[in-house]
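Number of protein chains: 2
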Amino acid sequence: MKFQAVKGTRDFYPEEMALRNWLTEAWRRVSLRNGFVEIDGPVLEQLDLFRVKSGQEIVSQLFSFTDRGGRELAMRPEITPTLARMVNARINSLPRPIKWFCIPRLWRAENPQRGRLREFFQWNVDIVGSDDVLADADCIFTAVDFLREVGLGPKDVVVRIGSRTLTTAALRRVGVGDAQMEAALAALDKRPRVKPEAFAEMATAAGVPADRLDEIRRFQDAPDLPAAAEALRGEPQTAEEIQRIESLMTMLQNMGAAEYCRLDMRMVRGLAYYTGIVYEVWDAEDALRAVAGGGRYDNLLEVLGGPKIGATGFGMGDAVLSILLEEKGKLPDVSARLDCFVVDGVGQRFFESVHQYTGKLRELGFKTDYSFKQTSLGRQLKEANRRGARFAVIVLEGPKIGVKDLETGEQTDVPAGEFLAEPGKYLK
Amino acid sequence: MKFQAVKGTRDFYPEEMALRNWLTEAWRRVSLRNGFVEIDGPVLEQLDLFRVKSGQEIVSQLFSFTDRGGRELAMRPEITPTLARMVNARINSLPRPIKWFCIPRLWRAENPQRGRLREFFQWNVDIVGSDDVLADADCIFTAVDFLREVGLGPKDVVVRIGSRTLTTAALRRVGVGDAQMEAALAALDKRPRVKPEAFAEMATAAGVPADRLDEIRRFQDAPDLPAAAEALRGEPQTAEEIQRIESLMTMLQNMGAAEYCRLDMRMVRGLAYYTGIVYEVWDAEDALRAVAGGGRYDNLLEVLGGPKIGATGFGMGDAVLSILLEEKGKLPDVSARLDCFVVDGVGQRFFESVHQYTGKLRELGFKTDYSFKQTSLGRQLKEANRRGARFAVIVLEGPKIGVKDLETGEQTDVPAGEFLAEPGKYLK
Chain Y
56 MKFQAVKGTR
66 DFYPEEMALR
76 NWLTEAWRRV
86 SLRNGFVEID
96 GPVLEQLDLF
106 RVKSGQEIVS
116 QLFSFTDRGG
126 RELAMRPEIT
136 PTLARMVNAR
146 INSLPRPIKW
156 FCIPRLWRAE
166 NPQRGRLREF
176 FQWNVDIVGS
186 DDVLADADCI
196 FTAVDFLREV
206 GLGPKDVVVR
216 IGSRTLTTAA
226 LRRVGVGDAQ
236 MEAALAALDK
246 RPRVKPEAFA
256 EMATAAGVPA
266 DRLDEIRRFQ
276 DAPDLPAAAE
286 ALRGEPQTAE
296 EIQRIESLMT
306 MLQNMGAAEY
316 CRLDMRMVRG
326 LAYYTGIVYE
336 VWDAEDALRA
346 VAGGGRYDNL
356 LEVLGGPKIG
366 ATGFGMGDAV
376 LSILLEEKGK
386 LPDVSARLDC
396 FVVDGVGQRF
406 FESVHQYTGK
416 LRELGFKTDY
426 SFKQTSLGRQ
436 LKEANRRGAR
446 FAVIVLEGPK
456 IGVKDLETGE
466 QTDVPAGEFL
476 AEPGKYLK
Chain R
56 MKFQAVKGTR
66 DFYPEEMALR
76 NWLTEAWRRV
86 SLRNGFVEID
96 GPVLEQLDLF
106 RVKSGQEIVS
116 QLFSFTDRGG
126 RELAMRPEIT
136 PTLARMVNAR
146 INSLPRPIKW
156 FCIPRLWRAE
166 NPQRGRLREF
176 FQWNVDIVGS
186 DDVLADADCI
196 FTAVDFLREV
206 GLGPKDVVVR
216 IGSRTLTTAA
226 LRRVGVGDAQ
236 MEAALAALDK
246 RPRVKPEAFA
256 EMATAAGVPA
266 DRLDEIRRFQ
276 DAPDLPAAAE
286 ALRGEPQTAE
296 EIQRIESLMT
306 MLQNMGAAEY
316 CRLDMRMVRG
326 LAYYTGIVYE
336 VWDAEDALRA
346 VAGGGRYDNL
356 LEVLGGPKIG
366 ATGFGMGDAV
376 LSILLEEKGK
386 LPDVSARLDC
396 FVVDGVGQRF
406 FESVHQYTGK
416 LRELGFKTDY
426 SFKQTSLGRQ
436 LKEANRRGAR
446 FAVIVLEGPK
456 IGVKDLETGE
466 QTDVPAGEFL
476 AEPGKYLK
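Same order as they appear, the protein sequences are chains Y and R.
Residues in the first sequence are numbered from 56 upward in steps of one, following this note's numbering.
Residues in the second sequence are numbered from 56 upward in steps of one, following this note's numbering.
Just chain Y, same shape as in the assembly:
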């Protein structure tokens, strides 16, 4: 019986796995240097955790089942509800601000498309316990710090920054009521991805009066913050948010991330729970889906049984990012390499010594292997080359060790005792 991988999942053979580790390590390194600490939760959560956060409709997008104890469980489609649950459980003992990152594997029961898989990884960076726009700036800077780290410049990617607060005010201004607000925001979120007529249809269906759609477009297309403010002139509670966005842009400037960042009031985000500044990372040519997205979600912890407490953060999946990195030629060479390959220098006579040296070198931390085949020197060296070994450690009579540099072909013979006393001297 022959088996295939499940649709929308990936097998990670050594090369794909090495790239996945490279990406994961870059995410981790950048998170740590930005002062975040790593956490993780279980893959399985109570289905209700996602239902309470996102409503009944989320259930159709999840892999879920009832266990033998009658509990409804789901495979996590995102980490934020878990993070909120974990913060709530220790709300009184965790020093604030809480700066957490994680790299969860996530599942969505969707039809696979380019950049959208049923099983994927997502880097999450969150700050809980600060209402200050400094927290938003810290998250956005961390995203930019990563983009720069992997070689994506401001000509490759752009962080587009919008505001739920201002967008909500713009919608209220044209007559959208509270009951329709979520649907109207969802329509606006889709605008960059659909044709103008389709957008008009969706927006009016969601309660935006047709004759005031131009006002919304004018607000969303504002080239800068004063223009957006002008489009909202006289709206209550917008001045403070405009001030926050101005501070945000100054901070990003001071931290050295401004060249990546651009105000863009078309950024709304799809999920219902955002409350303030929101942003997405896009490839500069708009050819792919968003690489990352996030923003402020000041109500979520309260919804999930905790206190009202400020929170902000973003998620970056591995699927779209990998496509972009490949297109830009930014994926590194990750071929597996050995430090050394221990070789029987006279064919089948020193096989026991080969075992001794192999054991010793591994224990000392050198990536070491040897051939299972007791064969000629030439064949063993061929295997050493195929395995990407830097050096061959050739066991010779004497006892001596021939250290052969497999790049230059140069070989140095040393007495075995000298080699063993300090192998690092020869294997570098």
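Be aware that a few hints might be false.
The list cannot tell twin chains apart, which means a pair is met if one copy fits it or any two copies do.
[As the list claims (entries may be wrong)] Lysine to any residue pairs mimicking SDA-like chemistry, simulated, CA-CA at most 25 Å apart:
1. LYS62 x ILE158
2. LYS62 x ALA164
3. LYS480 x PRO454
4. LYS383 x GLY372
5. LYS57 x ASP211
Since the hints were derived computationally from the structure, they do not count as laboratory data.
Chain Y is fixed; fit chain R onto it per the hints.
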């Protein structure tokens, strides 16, 4: 609404996560230096993949469900079927021997007990494509190399080595037929964990004649290889296996792992698919479950639709291992630490500079943070200490930078330009 984690799963807060990463990194480092390359598969596989390998009874131990396309899917309870599927899919292009490791997260729908969780991690090390006992030796050495790496000595743990081939011969010798062999092996596997009377009952129920049970005990309790051979005298096909085990012990001796390893014919392993040498790692006091287990499984790839090809390997879970490491005091201090904490030296006047230095230092790779609160120097330094920062980088008039060593309390003031030209000179 307040939520709990699902029974048998774990929340990884920063400290638990740091320990998990420490363990994962040790597994990875040791695997790489032993010449293995990393792979991974999807969490979700077709339910049949596990059913074909382990029979219908496995289904009750899995988390499984039917997706909207009508496919029966399961969350992987082990990685070996996935590994076999992946090897089979590229059987003609993968150079042999295939030396793969992985660190999958696994799920079992069992009742949680000490050392046994519903969601856990397991290090897997496998060599496919070699019938040679060298491959078994390489896997066992890798396990020992890891145990030594994390500070567990031969007084803490022991690798007990048995043989399915010899155990099967011993059972056949006392009259157990092919039809009862699997049940009889399963009974023998349980012997170290049950009372003598319970074992006698299980073994006879599985087809071992009561009056010949002593012969089985004598074989299993053989203190060394000659004694085990003596108990099997005249049995066909045992001489070759005894020779293999002898070679294995010599290789482990030569590689420097023998002090951890002991022959023990009570080792049988629970799973049906083992075919030759098998082994388990136990804590020396036998107080816990097995820390790791593995062996040769030469038929599995064929069962899963591939060719008949030699394979051997082991798995080591994180749950029992973590208990053992904690009991032995071998868990490291993994507190989160920052390289530096940037501080406004005159309180609220240099906040923009704090942002500039923070951005710059992070980009250069220093783990850097600063206080979101614009507050006094003393309070900022307190936060720096709480965050485990090694240095405070204090922005002073001039512009100057005061580099304060937070362990010794010593402070060096340098002109800002000099500091920025080479921060690494001061932060070490």
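Now the hints, each set against the structure:
1. LYS62 x ILE158: both (22 Å within a copy, 22 Å between copies)
2. LYS62 x ALA164: For LYS62 and ALA164, both the intra-copy (10 Å) and inter-copy (24 Å) Cα distances are at most 25 Å.
3. LYS480 x PRO454: Answer is within; shortest intra-copy Cα gap is 18 Å, inter-copy 45 Å.
4. LYS383 x GLY372: Within one copy only: 17 Å inside, 39 Å across.
5. LYS57 x ASP211: neither (43 Å within a copy, 43 Å between copies)
In this structure, only the earlier hint numbered 5 is contradicted, and the remaining ones agree with it.
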